Amino acid sequence: TSCPFSLAPRKEAVAAMDRNAALKMQQIFNEEVKKLQLCQKKINKLAEPRNSYMTQLAENEGVIKELELLKESDKVYKLMGPVLVGQELEVAKRDVHNRISFFKKQLKNIDTQTKEYAKEQAEIRTKVQGMQQVMMKAQKEAVEAQLKAQKAGQ
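With this note's numbering applied, the sequence shown corresponds to residues 343 to 496, in that order.
Be aware that one or more of the hints could be misleading.
Estimated spans, in silico, between C-beta atoms of each pair [claimed, not checked]:
| hint | residue 1 | residue 2 | range |
| --- | --- | --- | --- |
| 1 | L421 | Q379 | 41 to 47 Å |
| 2 | V433 | T397 | 21 to 27 Å |
| 3 | K461 | E373 | 17 to 23 Å |
Calculated directly from the structure, the hints in this document are not laboratory data. In this text the structure is predicted, and so the values were computed from the model without any measurement. Virtual Cβ for every residue (Gly too), placed ideally from N, Cα, C.
Construct all of the structure, not just a fragment, from the sequences and the given hints.
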């Protein structure tokens, strides 16, 4: 007696389901890779202002060292546009300390953001690597199944 149900349509349905699942996984994978690239862009974008603040911080720390060497009776001048303007030593020190404080605060904010993006990037990278392994395993199994089917058909 023959079975009224054929396995061929079922195999085709399973194959179509597998293709749909593979396409969906590839789509999700591509989205995660884009997220990974976006995190890297954000990290890179923070590097420029960080370098600028580091340079300005170093310059202002040098200025404060120079100001510390001066006596109260020494004259201090501040460049305002094209004009040198006299300034009290204590006011100059306070202004430079305020700038140093500002640069340190900005650097701390940038470092916090960078760490957050790096953490997010690491999480996404782990997810992407896991997806790559699953896709490679599925591809290997599909090739093995195809070879098995070819051998059975011979």
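Comparing the hints with the structure gives:
1. L421 - Q379: 41 to 47 Å: holds (43 Å)
2. V433 - T397: 21 to 27 Å: Check passed, 24 Å falls within 21 to 27 Å.
3. K461 - E373: 17 to 23 Å: Since the Cβ atoms of K461 and E373 sit about 19 Å apart, the hinted range of 17 to 23 Å holds.
Violated hints are absent here; each numbered hint is respected by the structure.
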